[in-house]
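J.: So the chains spell out like this:
Protein chains: 2
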Amino acid sequence: MTVENSVGTVKTKYFTFAEPPRELKLESGQSLGPITLAYETYGTLNSQKSNAILIEHALSGDAHAAGFHEGEKDPGWWDSMIGPGKAFDTSKYFVICSNVIGGCKGSTGPSSVNPKTGKPYALEFPLITISDMVHAQSHLIDNLGIDKLLCVVGGSMGGMQTLQWVASYPDRVRSAIPIATALKHSPQQIAFNEVGRQAVMADPEWREGGYYGHGQPERGLAVARMVGHITYMSDQSMEEKFSRRLKEKNYSFTFKTDFEVEGYLKYKGDAFVKRFDANSYLYITKALDYFDLSDGKLIRQGKAVDTRFLVIAFKSDWLYPSYQLQDIVRQLKTKHVDATYCEVKSTYGHDAFLLEVEEETHLVRHFLKKIYKEGE
Amino acid sequence: MTVENSVGTVKTKYFTFAEPPRELKLESGQSLGPITLAYETYGTLNSQKSNAILIEHALSGDAHAAGFHEGEKDPGWWDSMIGPGKAFDTSKYFVICSNVIGGCKGSTGPSSVNPKTGKPYALEFPLITISDMVHAQSHLIDNLGIDKLLCVVGGSMGGMQTLQWVASYPDRVRSAIPIATALKHSPQQIAFNEVGRQAVMADPEWREGGYYGHGQPERGLAVARMVGHITYMSDQSMEEKFSRRLKEKNYSFTFKTDFEVEGYLKYKGDAFVKRFDANSYLYITKALDYFDLSDGKLIRQGKAVDTRFLVIAFKSDWLYPSYQLQDIVRQLKTKHVDATYCEVKSTYGHDAFLLEVEEETHLVRHFLKKIYKEGE
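Each protein sequence line maps, in turn, to chains A and B. If you're matching positions, the first sequence starts at 57 in this note's numbering and goes up one per residue. If you're matching positions, the second sequence starts at 57 in this note's numbering and goes up one per residue.
In isolation and in its complexed conformation, chain A is listed as follows:
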C-alpha cells in the first residue's frame, strides 16, 4: 500500500445523544441512555449530502475502518477497501463507520459507566439487538445531516446491520451490500455462539459479569475466540496454512502445543483477550442470535422498496453458507426489490470478506458507480 491511496492519519470521533432522545427505547422494552457512539469518517460529504456510505463492522470490529491512528503501524480493519481510488473511493464518497452499542471500542456498552451507579454496567446493561444498534446509528446519521445514505455495507454482523437498515429505514438507503451474512442465525450458528458464551461464563474470573477492576475472564474468552476462529476459516484454508506441521521436530507426547494450528489458535485467543471485553462478547453474540428478518420481516408487506442490492457470498464460507445469501436474494426478488447475487470463489472461508479484496473491489466499484450516477 502506498501513501497515495490511504486516507492517512485519522481520529475516532464521539457523538453523544444530547437532545431528545437522550435515551434509546430498546427492542426489549428497556431504555438505554445517554448513549455515545464512536465513529470515524473519511472523505468529504458533498453539498447535496448524497455521497455518504455507511460501513458496518463485524462482531469484534470497531469504528476504525481505514487509515492510521497516530503512532500506530496497522491501518483500520477494512483499509484495503476504503481510500482514494479504492472500492469505497474517498475521493468521491463520504465514508462513515461507527462502533456498535454493546461494544467496547468507544460506543456505550457493558464496560461503560452506568450513570445511575457510577460503576461499569456489567450485566446491568440491557440486552441489545441488531435493530437497536441500527436505531442508535440512525441518530448519528441524523446528526451528520444526512437524510439518505448512498449505500450501507458490511460483512458478517455488518451484513445483518445492512439488512436491518433496509428493514427499519427503507427510504433512507439507496443501496445495500450485505456480504457473507444471513437473514437469521441458524441453529448451528446459535450453537457456536452459545458455546463461546458458556466458555466465558464458565470462567470463575467472569464473576457473573462483575470482573471490572479484577481483570478479564481471560481463559474463557480465549477459548470462545478459538472456537470462533475455526469457523472463520475453511477446512481447505487451514490445510493450506498449517497442514499438520509441528512446532517442534517431533510430537511432544505432552499436552503442550504440538501443531502449528494449535499455536495459531492460542495466539489468536490470547490476543483477543487483550483487545476485547468479555461482556461485550456475550452481548453482541446474543444480538446475532436474536437476529431474524426472515418471513417477510426484511421488506414489509405492501411497502415498495427501491433500495438496490448487491449480495455477496463466498464459496468456502461454511459459517454463513451461500444458501443463506441466496435466501436473502429470494426474499428480495419476491418483494420485487432489485438484487444482484454474486458468489465469489475463494478458499478463505468466512474470512474471505476481509481478504478477497480484488474481487470485492471489482464488484463494489461498478455497483456504486452506477447507483451514484443515477442519483446525479
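Bear in mind the hints are in silico, worked out from the structure with no lab data behind them. Remember, it's a predicted structure, so these values are computed and weren't measured experimentally. Heads up, none of these hints are tricks.
Identical chains blur together in the list; that is why a pair holds if it fits in one copy or across any two.
With a Cα cut of at most 30 Å, we get these calculated DSS-like pairs of lysine-lysine:
#1 Lys148 to Lys429
#2 Lys81 to Lys353
#3 Lys371 to Lys401
#4 Lys175 to Lys312
#5 Lys81 to Lys305
#6 Lys297 to Lys353
#7 Lys305 to Lys359
#8 Lys303 to Lys81
#9 Lys69 to Lys204
#10 Lys105 to Lys148
#11 Lys204 to Lys359
#12 Lys161 to Lys312
#13 Lys324 to Lys305
#14 Lys353 to Lys303
We have chain A already, so just place chain B on it with the hints.
T.: Chain B alone, transformed into the frame defined by chain A:
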C-alpha cells in the same frame, strides 16, 4: 426392538496382561503396565476360530456395544447393528468389543490407580496413540485364541483403530470396515480437539489433572462436549431438529437459555460430565490428533495385503468429510488392496454412523457374508 434380535443380558469382562508382556512399550518410548482391558463378547467363537469380528468404539464409547447390562434399560451403543439377524449377526459371528486404553470405562487410563503410587495416574499417565490402543487389543485377541479376525470395524476413532489394525497386523485382518473416519486428522479436526482440551484445562477445577477426589472440571468438560456435539451434527440436521424454536414463548433478553438448540447442547454437556473422565478426554483426543497413516503408512511398501475393505462415508458428515474416506480408498487402490467405497446419503452429519442403521446393515451384511463364505 424385540427380545428375539437382542443379545440379551450381558456383562463386561476384564483381561489383565499377566504373562509377559506385563507392560506395553508405547509409541512414545514410555512403558505402561500392568494393563487391564474391559471387553464384551456376543455370539460364539466357532471351532476354526474364523468368525471373530472386532468392533472398535469412538471417542466416548466403551466395551458395551450390544445387549443390556443387568438393571439398565438402555442397550449398548451399537445394539442396532449387533445381535441375532442384525448386521453383525451373533447367530453366525463372534463379536468382540473392548474399551481403549486411556479411556475410563474399565480399561487402564488416567483415572486408574498407578501401582507405583497407589493413586490415580492423572497426568502421570503416559500419552497413548491409536497404535498403542490397537497393540493392547492384540493381546486380548491373542488371549481369546484368535489368530485372524474375520473383520475389524468402527466409526470415527473406531475407524482409525480399524485402519491401524491393518497397518500394524495386516496378516491378522481378513476384512476391514472403516466408517466416517480419516487416514489422518486435518488441522480443522485438530483445532476442534484443541479447543475442547483448552476448555478443560482452563477450568481451575481441573487442577493440572489432579482433580481425583475433588470432582471433575465439570464446566470445562461440558464446554468441550458442546463443541464436539456441534461437529457431530450437520447444519441441516440441526435445522430439522431445532430450527430457531424457543424454550419459552419469547426471547428472555437475558443470558439464560433461549433456544432449544442451546438447551440441547447444555443437556448433552452436563450428561457427558457425569459419565466421562476429563483426563481421558484429553488423552484420547490427543491420540486422535497424533493419528497419521498417510503417505504409505497404511500399507507398507512391498507388503502384499489381502485384507478386503468396505469404506463408508456419509454425505453430510463435515467432521470427517467424504474426501477423507476417498483418500483411504485411493491409498488402498494404489497398493492394490481390494476396497469398495460407499457414500451414504444422510442428513445426520457425523452421527450418521450411529443412526443410518438400515443402509449400514445392508452394506455390512452382504460384505461380511461374502468374506465369510470365501473363508469356508
